[in-house]
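Colleague: Those protein sequence lines, which keep their order, are chains A and B.
Under our numbering, read the first sequence as residues 1 to 254, first letter to last.
Under our numbering, read the second sequence as residues 1001 to 1389, first letter to last.
Source of the hints: derived by calculation from the structure; they are not laboratory data.
One thing to keep in mind: the hints can contain errors.
Here are the computed lysine-lysine pairs in the DSS-like style, where the Cα-Cα straight-line distance is at most 25 angstroms [to be verified]:
| id | chain 1 | residue 1 | chain 2 | residue 2 |
| --- | --- | --- | --- | --- |
| 1 | B | K1293 | B | K1099 |
| 2 | A | K190 | B | K1286 |
| 3 | A | K201 | B | K1286 |
| 4 | B | K1286 | B | K1034 |
| 5 | B | K1286 | A | K80 |
| 6 | B | K1293 | B | K1331 |
Simulated restraints on C-beta separations [said to hold, decoys possible]:
| id | chain 1 | residue 1 | chain 2 | residue 2 | range |
| --- | --- | --- | --- | --- | --- |
| 7 | A | G214 | B | Y1334 | 37 to 45 angstroms |
| 8 | A | R77 | B | K1331 | 30 to 38 angstroms |
| 9 | A | Y204 | B | H1229 | 58 to 66 angstroms |
| 10 | A | L196 | B | D1290 | 14 to 22 angstroms |
| 11 | B | D1290 | A | G86 | 53 to 61 angstroms |
| 12 | B | Y1334 | A | D144 | 52 to 60 angstroms |
| 13 | A | Y204 | B | S1179 | 52 to 60 angstroms |
| 14 | B | S1275 | A | R77 | 31 to 39 angstroms |
| 15 | B | S1275 | A | K127 | 33 to 41 angstroms |
| 16 | B | R1197 | A | G214 | 50 to 58 angstroms |
Quick look at which bits of chain A chain B covers, simulated, 3 or more residues with Cβ under 8 angstroms [to be verified]:
| id | segment |
| --- | --- |
| 17 | 71-84 |
| 18 | 162-176 |
Bear in mind the structure is a predicted one, so any value in this text is a computation, not a measurement.
We treat Cβ as the ideally placed atom computed from N, Cα and C, and that holds for glycine.
Residues per chain, in single letters:
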Amino acid sequence: MSRKRHRLVPETFGLKRRRELGDVEADPLRCESGSAREAVAEIVRLFPRVLFEDALPPIALRSQVYSLVPDRTVADRQLKALQEQGEIRIVQLGFDLDAQGIMFTEDYRTRVLKACDGRPYAAAVQKFLASVLPACGDLSFQQDQMTQTFGFRDPEITQLVKAGVLTVRDAGSWWLAVPGAGRFIKYFVKGRQAVLSMVRKAKYRELLLSELLGRRAPASVRLGLAYHVHDLIGAQLVDCVSTTSGTLLRLPET
Amino acid sequence: MLGFLSARQAGLEDPLRLRRAESTRRVLGLELNKDRDVERIHCSGVNTLDIEPVEGRYMLSGGSDGVIVLYDLENSSRQPYYTCKAVCSVGRSHPDVHKYSVETVQWYPHDTGMFTSSSFDKTLKVWDTNTLQIADVFNFEETVYSHHMSPVATKHCLVAVGTRGPKVQLCDLKSGSCSHILQGHRQEILAVSWSPRYEYILATASADSRAKLWDVRRASGCLITLDQHNGKKSQAAESANTAHNGKVNGLCFTSDGLHLLTVGTDNRMRLWNSSNGENTLVNYGKVYNDSRKGLKFTVSSGCSSEFVFVPYGSTIAVYTIYSGEQITMLKGHYKTVDCCVFQSNFQELYSGSRDCNILAWVPSLCESVPDADDEVNIIHTTFLVMFSA
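This is chain B alone, in the form it adopts within the complex (with noise of 0.2 angstroms):
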């Protein structure tokens, strides 16, 4: 660690080396921490959580009941311990609460003025934060599964909606209004993802054990039926390409875009090639997953070697997305994992459970001997501040 801060000092290394090389320090040693704590609102199980890609300082979580939180992540007391307070919160008693449970929200990408939320009874509602008030509504005729916006795009504000039906609907924004259908799969939409590289390709996931990457422009059909056994790529056989051996739970895309990994009831996870849709064959072992909606599983960002955390019964396993390698089982819930999301300014990893817990996961370099508290304390958060500027 010295030697990474004499390195950079002295211009011989990249300065972005000594951050990927800390940020990886930190999330390997990722774990519970009594010094911080979620604030407990939920009263049922916890589906969903979303971290604003502004600033990384809020955080919304959809619950089961229908209710919506919003908790602000930052510690800006001076003292170690510090509980992440709900900022405010859709309750039960608030007029366009959702009725059944919500499963997925999502920040708008661009500010922290709007959000979306989706439920299992077949709305999609967009809300204005400040106001706490529904600005528009999409009613579906099915239960809606999962939704995505494109973190990057720019010419188009298309929420791309994947319910019990076969077919993928895109709503626009702007419009107000379902814009067109993507017609391929043949149950229902488990996960939908857009492309954080590019901003028309999208990637869903169903039940029928298919996953597929649609450019939207296109017409006429997908692009690419992922094939986990990279047969020959022939019409006849696109028909027989699986991507799992049950039902596609679970999509995410690496940071960078490249790559795509997807989870399946048949218990395995797969790492993707995004362009060509060829099956990288990296082997993760069991990835116990018997969930029988969308699993939310998340990756890090700002490491060198990548990590995903993906809920394995009720704790969290953590691999190395290239080379397959299980690091850890982070241990702490007392049922089943539903969704975890990653803070990539700080390593924090953030975990909702059907135990209506949300829990921190924080990395946990120094012990602080009980005699030089303040002295560690501040070293610490001069770090902290350092490496996040």
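Only chain A is shown next, with the shape it has when bound in the complex (with noise of 0.2 angstroms):
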């Protein structure tokens, strides 16, 4: 049973501590303790931009800010005023209805347009930039909200659809999506299974951090060791142990 009392709850309620936990030394991957904001462009730093020609925009998953921002809720909400005020964008990433990218909506807005330079979809594409990000930040689009608010037709939103930059949800609606994002989820998916399967080959399915980063990453992993293990950390796969020599990676029993 965990002894350890949280101090977030107050001194009052707390029991007396038996004993006194030591400083946890500072670990290459966690010692980031600020705002969401922060995480994210932090992720961002780590995306890799070569291997895509800078033609998509640094995403950031929503699991890697909850790795580096330790309190969720409080990551959660910072994000939703980020989002609120515009400055980033989430979208539904088609893999898992749990994993969300998010990036910051200047790159997104500059990687759409470059994409869809000379195309014939590009006037639809840049109307839609231009009035309907902007103004409703929402992860998903309904019919009568593109028709009636936003005057979109009906072959105007299938251009959109064309160029990737709308997923169809269901009838009538219709994800947010990034265009040419389908090469860096396929990438995401192979990497997440090989650094996973990294930790359970271990003997004890438990690595340490110090350890994992320092191995060679294998082939399939295209987007960078740290990059995934703040994934895993944050979406809960591993489980995050403080050992004396560092962080320990175990795979959960459930």
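Combine both chains into one complex, guided by the hints.
Modeller: What follows is the structure, encoded as structure tokens:
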């Protein structure tokens, strides 16, 4: 049973401390404790732009933000505030209903404009970026919203879907999407499985974080080991145990 | 603690503050205790537990073999070591015992003279406690997953029943038949719960990923379908609103009825504002859930920051409700935990699991020193008497 009493519950309510916990030494990946925006900026720095020839905006995942900001509810609230201010866009990545991608709005806008340059749907995309994006910060759009509030006709919506800016969710509703994100999702899913299998194959199914980062990345991991480790920790696909030799990643029993 | 006592004595602080502080301290110290035991009667998994709301003394348990047992939780012996004995039970030899697994038992909310039980044998049975005979039986066409009777209702005696069909049935105890049906879900109803604040508000959770709030007086459909993304409210989007990305397994209102907790097979637990159906976006992390039927979890009441106790595999995870922080995992069962109930008078937790055991988690505050055994026990029991008054 865990005997640690967290300091967030005030001292009056806590039991007398049996022993003081020593300082956990700073690990290479775990020292961030600031805001969600700094966390997103940090992950964006880890994103390999060269791999996609700068055609994709740098995408961070929500689980990676949870790994850097320790309190999840606070992270959620800060991300929501950033979304409402229009600084970041959140998109639904298709492979998992839980995995949401976060990117800065400016990056998204420049990359989408560059991608649709000179194509037949350029006009519809530009109209979308100019009118809908600043007005509506949601992940999805409804039929009546698009036709009545923003004045899009059906052929224009079809062009947006062809351009990759919208993905079909249901009859009459669409998710916001990133054009060209298919390659990223493929590398991400393969890389996540590869890093998880590295932990699974280890003796006792646990690995020290420093050892994992020091190993050579297998060929299927194209986005970088640090990128994937943040995602695994935040999505709670591995348990993080703090030991005297650093952080240990262990596969959960359930 | 002494500071709280002297402040209360001098009138500087409200008496309620001391009570809440001490309750919270006790809940934070929950653990298995060698001095407290529950007699083992069940020969198969314990599916459901319920403690009567009047005195908090008697507990009902329902098992996978159809057996229902009634326990007395009160320690009337002067010894610290106590086993909660079974007062009586509806065993396999009883003529009216359920044929298959008992899924939910509930005491009649106003006194202990009656209790209801529902089971996979498509019946809801109403029992008289003193004679242990059936007073009434309701038959359904599908297996019954869950039922609940409103704890605050004075104007109606409706029992909400969730079955494998998509319709929620409301059975009236006074007339003995189903009074009406709530339509709106598309798959089986895994959990139902009445609001502890308003006697006509009902929440239901279904395998089609939706959780709905109903006012049973309204004929035209549900009040709100909970939407996890808090999207814009529009008629077209109502059908796409989902509370979870998988089946919604369990429902629990907080003790004041202002918030609703739901758990789903997408390994998430969500907290909703029960008046407008808004997702408060409190993030509890991964709450592992692979139960194919309902998951019965519970909340504390009377503490300053309320806690929720959720069965998590073979352990019980304890979180603070409004901040989402995980306090601890209570380890003790050998197999999957199915249900847990909280006794708010003594801040004790009872949990039942598939290993046929019911465990009692008792606050451990002062460790009794071997020499000074008697003194410490006297002080302990005096405190308990003071605060439960």
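Colleague: A separate judgement is required for each hint: does it hold in the structure or not?
Modeller: Cross-check of the supplied hints:
A hinted pair counts as satisfied when its Cα atoms are at most 25 angstroms apart, and K1293/B with K1099/B qualifies at roughly 18 angstroms. For a cut-off of 25 angstroms, the pair hint linking K190/A to K1286/B stands: about 22 angstroms separates their Cα positions. Between K201/A and K1286/B the alpha-carbon distance is near 23 angstroms, which keeps this suggested pair within the 25 angstroms criterion. Using a Cα cut-off of 25 angstroms, the hinted pair K1286/B and K1034/B is violated, with the two alpha carbons roughly 31 angstroms apart.
As the CA atoms of K1286/B and K80/A are separated by approximately 20 angstroms, the hinted pair is consistent with the 25 angstroms bound. Restraint check for K1293/B and K1331/B: satisfied, since their Cα atoms lie roughly 22 angstroms apart, inside the 25 angstroms limit. At about 39 angstroms, the CB distance of G214/A to Y1334/B agrees with the hint of 37 to 45 angstroms. Separated by about 32 angstroms at the C-beta atoms, R77/A and K1331/B satisfy the suggested range of 30 to 38 angstroms.
Hint check: Y204/A to H1229/B, Cβ distance near 40 angstroms, so the stated range 58 to 66 angstroms is violated. Range check, L196/A to D1290/B: about 19 angstroms between beta-carbon atoms, so the 14 to 22 angstroms window is met. The supplied range of 53 to 61 angstroms is broken by D1290/B and G86/A, whose beta-carbon atoms lie about 39 angstroms from each other. A beta carbon spacing of about 55 angstroms between Y1334/B and D144/A agrees with the range 52 to 60 angstroms that was offered as a hint.
About 58 angstroms separates the C-beta atoms of Y204/A and S1179/B, a value consistent with the hinted range of 52 to 60 angstroms. Range check, S1275/B to R77/A: Cβ separation about 20 angstroms, and the 31 to 39 angstroms hint is violated. Between S1275/B and K127/A the Cβ separation comes to about 39 angstroms, which falls inside the hinted range of 33 to 41 angstroms. At roughly 56 angstroms, the beta-carbon separation of R1197/B and G214/A lies within the given 50 to 58 angstroms, and the hint holds.
Coverage of a stretch by a chain is defined here by at least three residues with a beta carbon nearer than 8 angstroms to that chain's beta carbons; for the segment 71-84 of chain A and chain B the count is 7, and the condition holds. As drawn, the segment 162-176 of chain A meets chain B at 4 residues by the rule of a beta-carbon pair under 8 angstroms; at three or more, the given contact holds.
Consistency with the previously given hints fails for numbers 4, 9, 11 and 14, ordered from lowest to highest.
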